[in-house]
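Now for the letters of each chain:
Protein chains: 2
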Amino acid sequence: MRIEHLSTGDEVLNGSCTDTNTVFFANQLFESGLEASALHTVGDNRDELKAMLRDITARADVLVMSGGLGATSDDLTSEVVAGAAGVPLDYHEDIWLWIQELFRSRGFTAPEINRKQAILPRGCEVLPNRAGTAPAFRLTVGRCEVFALPGVPREYQLFMQERVLPFIRERSGRGQVVCRTLRVYGFGESHLASILGDLENEYADRVTVGYRASHPEVWVKLVSRGGDRAAVDDMAAKAREKLGLAVFGEDSQTLGAVVSELLKQQGETIAVAESCTGGMAAAELTERPGSSACFVGGFVVYSNALKTALLGVPEAVLAAHGAVSQETAEIMAREGRSRTGAGICLAITGIAGPDGGTPEKPVGTVHFALATATEIFHRKEVFSLGGGRPQVRRTSVYQALNMARLYLQGHDPCWRHALGARRQKP
Amino acid sequence: MRIEHLSTGDEVLNGSCTDTNTVFFANQLFESGLEASALHTVGDNRDELKAMLRDITARADVLVMSGGLGATSDDLTSEVVAGAAGVPLDYHEDIWLWIQELFRSRGFTAPEINRKQAILPRGCEVLPNRAGTAPAFRLTVGRCEVFALPGVPREYQLFMQERVLPFIRERSGRGQVVCRTLRVYGFGESHLASILGDLENEYADRVTVGYRASHPEVWVKLVSRGGDRAAVDDMAAKAREKLGLAVFGEDSQTLGAVVSELLKQQGETIAVAESCTGGMAAAELTERPGSSACFVGGFVVYSNALKTALLGVPEAVLAAHGAVSQETAEIMAREGRSRTGAGICLAITGIAGPDGGTPEKPVGTVHFALATATEIFHRKEVFSLGGGRPQVRRTSVYQALNMARLYLQGHDPCWRHALGARRQKP
Numbered sequence: 001m002r003i004e005h006l007s008t009g010d011e012v013l014n015g016s017c018t019d020t021n022t023v024f025f026a027n028q029l030f031e032s033g034l035e036a037s038a039l040h041t042v043g044d045n046r047d048e049l050k051a052m053l054r055d056i057t058a059r060a061d062v063l064v065m066s067g068g069l070g071a072t073s074d075d076l077t078s079e080v081v082a083g084a085a086g087v088p089l090d091y092h093e094d095i096w097l098w099i100q101e102l103f104r105s106r107g108f109t110a111p112e113i114n115r116k117q118a119i120l121p122r123g124c125e126v127l128p129n130r131a132g133t134a135p136a137f138r139l140t141v142g143r144c145e146v147f148a149l150p151g152v153p154r155e156y157q158l159f160m161q162e163r164v165l166p167f168i169r170e171r172s173g174r175g176q177v178v179c180r181t182l183r184v185y186g187f188g189e190s191h192l193a194s195i196l197g198d199l200e201n202e203y204a205d206r207v208t209v210g211y212r213a214s215h216p217e218v219w220v221k222l223v224s225r226g227g228d229r230a231a232v233d234d235m236a237a238k239a240r241e242k243l244g245l246a247v248f249g250e251d252s253q254t255l256g257a258v259v260s261e262l263l264k265q266q267g268e269t270i271a272v273a274e275s276c277t278g279g280m281a282a283a284e285l286t287e288r289p290g291s292s293a294c295f296v297g298g299f300v301v302y303s304n305a306l307k308t309a310l311l312g313v314p315e316a317v318l319a320a321h322g323a324v325s326q327e328t329a330e331i332m333a334r335e336g337r338s339r340t341g342a343g344i345c346l347a348i349t350g351i352a353g354p355d356g357g358t359p360e361k362p363v364g365t366v367h368f369a370l371a372t373a374t375e376i377f378h379r380k381e382v383f384s385l386g387g388g389r390p391q392v393r394r395t396s397v398y399q400a401l402n403m404a405r406l407y408l409q410g411h412d413p414c415w416r417h418a419l420g421a422r423r424q425k426p
Numbered sequence: 001m002r003i004e005h006l007s008t009g010d011e012v013l014n015g016s017c018t019d020t021n022t023v024f025f026a027n028q029l030f031e032s033g034l035e036a037s038a039l040h041t042v043g044d045n046r047d048e049l050k051a052m053l054r055d056i057t058a059r060a061d062v063l064v065m066s067g068g069l070g071a072t073s074d075d076l077t078s079e080v081v082a083g084a085a086g087v088p089l090d091y092h093e094d095i096w097l098w099i100q101e102l103f104r105s106r107g108f109t110a111p112e113i114n115r116k117q118a119i120l121p122r123g124c125e126v127l128p129n130r131a132g133t134a135p136a137f138r139l140t141v142g143r144c145e146v147f148a149l150p151g152v153p154r155e156y157q158l159f160m161q162e163r164v165l166p167f168i169r170e171r172s173g174r175g176q177v178v179c180r181t182l183r184v185y186g187f188g189e190s191h192l193a194s195i196l197g198d199l200e201n202e203y204a205d206r207v208t209v210g211y212r213a214s215h216p217e218v219w220v221k222l223v224s225r226g227g228d229r230a231a232v233d234d235m236a237a238k239a240r241e242k243l244g245l246a247v248f249g250e251d252s253q254t255l256g257a258v259v260s261e262l263l264k265q266q267g268e269t270i271a272v273a274e275s276c277t278g279g280m281a282a283a284e285l286t287e288r289p290g291s292s293a294c295f296v297g298g299f300v301v302y303s304n305a306l307k308t309a310l311l312g313v314p315e316a317v318l319a320a321h322g323a324v325s326q327e328t329a330e331i332m333a334r335e336g337r338s339r340t341g342a343g344i345c346l347a348i349t350g351i352a353g354p355d356g357g358t359p360e361k362p363v364g365t366v367h368f369a370l371a372t373a374t375e376i377f378h379r380k381e382v383f384s385l386g387g388g389r390p391q392v393r394r395t396s397v398y399q400a401l402n403m404a405r406l407y408l409q410g411h412d413p414c415w416r417h418a419l420g421a422r423r424q425k426p
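For the protein sequence lines, the chains are A and B, in the order given.
Letter by letter, the first sequence follows residues 1 to 426 in our numbering.
Letter by letter, the second sequence follows residues 1 to 426 in our numbering.
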């Protein structure tokens, strides 16, 4: 079964925005044990759309389209799909009434321009929209079932989950794909591949291995297209043994989620004291619902004056050692912990760049500290990253959260590339 | 001139990661006054790759490929491109020596597995990699110039800028595309389209208008494919007049950048006091280099206890009005300002959900306050957003920053959909 996706719109073709619908489509399909054969993007261009529809409908069993169902002049999907199927367009008075009603319920009058959304290809199955004004539709074009969905992500996602995926699941006779992704922090992609090379050979006929650098993480994806759950689980267990503490989670488990989960399990709370990451660690720890069970809050002490005013870093320490130093990081962590009452506190202070580096403290120098009830752990990194300021900040958040993760798992929070080190209790 | 892009890799096909290279490609091309005809993605699958290469090289003048040049078994690009061109693969000892040297310079020994990266299609132009181990290459396949670039974003981006774009610019005889994007906060896409409908008609033969909801922003893109700068500028001026304060910036100007720029121009400083956004506003204000000139820091007071401990919100206020209230927001802003010494302070407290809503304060209820030397402004929003928790948090950051933007521009910070309102000085 060949399934393809066609995302339309100048804004995705021109890169004005990230095409989240295509990513959602691919993800959902894969998690349903299926996969897309190809994904395509074209602009709001009649000729390109026609050509692409002709080629795809000739080879695919299912085509899902995103976008082009809006009310404006660059919305061409209904017209072009009708053309590909060789059917005329019909105006549906009932859909226009429904659109007007929807606007009314939100306290607006439907603009006349939205009447266009009631014009659809003859013979299509109309799919009512629960979240917006654009109705979606399904139409058979040659051998291919074409689903035309709105481009607004939340509307697109509802249609995918409620209409498209059930349809595809029923049509497909494909076996279940089994997939596990090990999420690794602290190793490069090539290094990982050499560590796991033997294992890759051992399982070569049953499990496909893919590596992916998703900075600063690397993902190891173990896939059995034949649905061999036992082989994937076996191999995952052996891979985890070889990689040790570098594996922080699997599949959709982000590092922030892993840390939050450990905190909740242990009835522990956390605070943060951030300089160069400017609130990013706090934002990460509050991303998930229920964060308040383990995250109390924190300080963003971007200026030196605030490091002193809010966290009591003595001016003498700043003068002698600088804001980016072990001394400052440790005081930030200790005071962040005591002033918030949290069980543990992470501190991050560094030079994110592009300016501010010196020969002794180049851009990328970051000091981390983790304060607990009885100890303060410190670690210094000099990130030499091609991604510049955003990457230094992002990697710093990972490094800090990873220290918390290791600590909460009972390991040395300063563990680095040496497998299985246990923390010495003081 | 037909230019297409082919992104390869199971991880992009399966949606494991956002395909930033395709977005970068499309953006760069468009900003160079050119545009892609189509963008494609296929997995690490020999047959699909072969089929896609055959189709694209038959119709395109230039094909840029991303990924598949790594050292692991799922890297197929060299092999498949050689196949499409009907040439054999050659091993380049000099490239392998270069790769070994690169690893040595970083303090590592090159794994034997990386030798694979020295095997390239015969007759290709080797493009040395300044940022990683995978050499890129260019090969003529039929009528099409194929560029094979590494998938690691920073390496890909260097190759695009230094090798591919200069090549394409020289080859193309296309006129310059003129494009301006107005960035709007506070109007929906359809509403914008009806406000600008007449203008769209007036300029129909010279300027193409595209709308894009990039929640919570909407973008109005004015494009002249014929290079008519005057028409685009004229229309942009008239559109800005109709949209008034809703336009906060243009092109690559983010709201955070606009606020930072205004602060710097006025020698003003800002702090933040965040609850439900948990550090996101601070992170946004520290994203750009040089943020320390206008951003001093802030508080993340996620728990009620910290609202009291760090910002002096009286327990009686929390008990009487709740953490999500005008009273709490105003105290957070006032105390955030005085305790940091910043010129102005934004406070955000709300219910991001999915839990914690009540009939009086449903999920999406957020109170904002802006404290200045002489005034405190308050605004309440009840965001009814399909995107859930992440969207409430993201929109809240926009709303807060927009209040600062309006204030710094001398307008009423609480302006809402009424054009041109001037703030009354107290």
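Please note that the accuracy of each hint is not assured.
As a list, the in silico EDC-like pairs of lysine to aspartate or glutamate whose alpha-carbon atoms are at most 16 Å apart [to be verified]:
hint : chain 1 : residue 1 : chain 2 : residue 2
1    : A       : Lys221    : B       : Glu381
2    : A       : Lys116    : B       : Glu189
3    : B       : Lys361    : B       : Glu381
4    : B       : Lys221    : A       : Asp74
5    : A       : Lys264    : A       : Asp234
6    : B       : Lys221    : B       : Glu268
7    : A       : Lys361    : A       : Glu375
8    : A       : Lys242    : A       : Glu200
9    : B       : Lys238    : B       : Glu287
10   : B       : Lys116    : A       : Glu189
11   : B       : Lys238    : B       : Glu250
12   : B       : Lys361    : B       : Glu327
No lab work stands behind these hints: they were computed from the structure.
Tested hints:
1. Proposed proximity of Lys221 of chain A and Glu381 of chain B is contradicted: the alpha carbons are some 43 Å apart, above 16 Å.
2. A C-alpha spacing of about 15 Å is found between Lys116 of chain A and Glu189 of chain B, which places the hinted pair at or below 16 Å, so the restraint holds.
3. The suggested pairing of Lys361 of chain B with Glu381 of chain B holds, with an alpha-carbon distance near 11 Å, which does not exceed 16 Å.
4. Using a Cα cut-off of 16 Å, the hinted pair Lys221 of chain B and Asp74 of chain A holds, with the two alpha carbons roughly 12 Å apart.
5. Simply put, Lys264 of chain A and Asp234 of chain A have alpha-carbon atoms about 29 Å apart, too far for the 16 Å limit, and the pair is violated.
6. At roughly 32 Å between alpha-carbon atoms, Lys221 of chain B and Glu268 of chain B are farther apart than 16 Å, so this suggested pair is violated.
7. Note on Lys361 of chain A and Glu375 of chain A: the hinted pairing is violated, with a Cα-Cα distance of about 26 Å set against a maximum of 16 Å.
8. For the hint linking Lys242 of chain A to Glu200 of chain A, the alpha-carbon distance of about 12 Å falls within 16 Å, and the restraint holds.
9. Pair hint Lys238 of chain B plus Glu287 of chain B does not hold up; C-alpha atoms about 32 Å apart against a cutoff of 16 Å.
10. Distance hint between Lys116 of chain B and Glu189 of chain A is fulfilled; the C-alpha atoms sit about 15 Å from each other, no more than 16 Å.
11. Only pairs whose Cα atoms come within 16 Å are accepted, and Lys238 of chain B paired with Glu250 of chain B is accepted, the gap being roughly 14 Å.
12. Between Lys361 of chain B and Glu327 of chain B the CA atoms are separated by roughly 15 Å; this keeps the pair inside 16 Å, and the hint holds.
The structure shown violates the earlier hints numbered 1, 5, 6, 7 and 9.
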